[in-house]
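Engineer: Residue numbers (the numbering used here), protein chains in the order written: chain A, 1 to 293; chain B, 1001 to 1368.
To be clear, the hints were calculated from the coordinates, so they are not data collected in a lab. Computed from a predicted model, the values in this text were never measured in an experiment. Do not rely on the hints blindly, as some may be mistaken.
Said to hold, decoys possible - Calculated pairs, DSS-like style, for lysine-lysine (alpha carbon to alpha carbon, straight line, at most 25 Å):
1) A:K272 with A:K220
2) A:K272 with A:K235
3) B:K1310 with A:K235
4) A:K272 with B:K1310
5) A:K60 with A:K235
6) B:K1365 with B:K1160
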Amino acid sequence: MPVRQLPAGLNGPQPLAEALHDAQYIASDDLATATFLALSLQKPLLLEGAPGVGKTEAAKALASIMGRELVRLQCYEGIDASAAMYEWNFPRQMLAIRQAGDDYVNLYGDEFLIARPILQALEQPRDRVLLIDEIDRADHEFEAFLLEFLSDFTLSIPERGTLRAPEPPIVILTSNRTRELHEALRRRCVYHWISYPDPALEANIVMMRASTVAQDTAHKVVAAVGQLREQPLAKPPGVAETVEWAEAATLLHEQGATWPRAFARAIGVVLKDQDDLEFMAPQVDALLERVAS
Amino acid sequence: MSVSLLPKAATPFLQFSMALRQAGFLAAPEQSEMFLASVGLLGPTSVLDIRRAAHAVFGPAPERREDFDVVFDSIFLGRSFAAPAEGEPEDVPNAYDGGEFELLPDPDEEEPSGTDATQAERLNQRDLEAEDEDATLRLFAKNAPRALPRRTSRRTRGGKGRLADARRAFHEMLRRDGEIAQLPTRTRRQRQRRVLMLIDVSGSMKAGTDSRLRFAHALVQAGERVEVFTLGTRLTRVTRALKHRNRDQAMTLASGLVADWDGGTRLGEALAVFLSVPRFASFARSALTLIVSDGLERGGPEALVAAMDKLRGLSWSTLWLSPLAADPAFRPDTEAMRLILPIIDEIGDGSSAHTLAHEVISYAKGAR
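The shape of chain A in the complex, shown without the other chains:
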């Protein structure tokens, strides 16, 4: 099995985790191991997890420590090859025919080819990281389509022949698991399930992401969010919401609100569903008091 030689500072799960930390992303050991294996074995990395646990952030941080540009392909139902791979610029080609008159014109030249994310990553795999975001939103047909690209990193354009990447590009797929992905796709990837971080880790993330927040506040917010996640909510708060809540409460506190009130007033940044807000409203004060003590 071919192995990619990683730069010295990133060779191994531990150095990788440290580099990610410097890029403002705290990776668990499991994630660091999975990432290291995906990079070394030249396989796509499939990250699954509830919304808001930092899957996309992981991809951004990885691109930044590798010093590469992140090319993002947002999936949606009905996404097809022309949005994901490449497209011919037909209007320009038609204009070129009109203008050419009797002259020869190459209608399939580079100037007529619009590279979409997958072709972009394929053309310059050394400078780019491809993020295929929320693959579970795309339909099965697109997944099958992707399979071909992910297994041998080639792309065939009928007018141009088969393009092969000079080296396998770094590919990260994320899924919110609203549906089961096809086994053939999972099998080709290195997999990691990102769960909600444990309280200590989440407090660290809050401190790192929101520099204004005091340590004590961070711990309280994390504890409160932990309790919220245990409730049957339609939209349980993700890590980003935790950070925002801590920031918002700190801001309100600076403007004179007392502590439990500051949290309660900023609840709108953590619960973003009317039903959830109504459901939690009678319990919020009790919850905050429990956390404060």
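Let chain A serve as the given structure and place chain B on it in line with the hints.
Structural biologist: What follows is chain B alone, placed relative to chain A:
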């Protein structure tokens, strides 16, 4: 590659793949290869490294992680494990449908009341007997693919439409030396809407449950994206069982999955559980939702009405099919039904496969 050609140290890794397959996980040869390479790369300092590599390469679904670890321990730590016992459904609190069992934990409290709803929660298997409604179901299977509601897709196809087709225009120009006689157009494709069927299997619905499940089977076979759940004291996803083409086989599988035949009714709670799992709730998104229930709810109707309200918000259309509606004198006059009536789109007769097929086809035709 044969086992004997590999160094002795590699044996446990291959044994591991085999043990995984026995335990019902998928372990492809390329994954075994990846696993070996990964362990080599990590230069493992402890079993933890090997375990992490195993998780990354074989990617067990989060709810099956424990089973996976049991297999791992047995091979790499020499811990023996009992054959994966198919325990009581209560032991398998699966919110996701990763494994064979697709049951959700039973909420503790039990509210007594409701006319026909059975008090005790009896878990009894039941043979699903065949009846002669084959003709209706065959007709349904024939008509359904065309009759089921459709929605426009983002994808397009050639044909008369309003979208200019640049690709064909360009090829036309190539063929005609730069001239174009007529502007080719495209039109949006259509896709069948999802259909979500929620079947109440509680005691008060006992008569006709088999027949309704046979309809569900016909629906799953005929439709493109159909999901079927049974609701009783628990929520059970039976779609996968019903995907079997052979009906008898599908029925046997489904009756094995559902553990709460003829139990009590907690429709509101079961629906709330359904909605609280994002993966399940997304099945309802812009779907045609069929609820087959008599709406006889234990306790107050608040939970049921709130859940129906949410379900309506997600669905494209909701159709309530009650076996009580078979009686011409039927009036939805229980408190729950009176509150639900303004929320749903239509109420129909859900007493048997025959009436279900009729209601679904006629509703789908009218709604387009």
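Engineer: Hint by hint, note whether the structure agrees.
Structural biologist: Now the hints, each set against the structure:
A C-alpha spacing of about 20 Å is found between A:K272 and A:K220, which places the hinted pair at or below 25 Å, so the restraint holds. With a C-alpha separation of about 7 Å, the suggested pair A:K272 and A:K235 falls inside the 25 Å cut-off, and the hint holds. Restraint check for B:K1310 and A:K235: the C-alpha separation of about 13 Å stays at or below 25 Å, so the hint holds. Distance restraint check for A:K272 and B:K1310: the Cα-Cα separation of roughly 16 Å lies within the 25 Å cut-off, and the hinted pair is therefore satisfied.
For the hint pairing A:K60 with A:K235, the CA-to-CA distance comes to about 24 Å; that is within 25 Å, so the pair holds. For the proposed pair B:K1365 and B:K1160, the alpha carbon gap of about 24 Å is at most 25 Å, so the pair holds.
Checked against the numbered hints listed earlier, the structure breaks none of them; every hint is satisfied.
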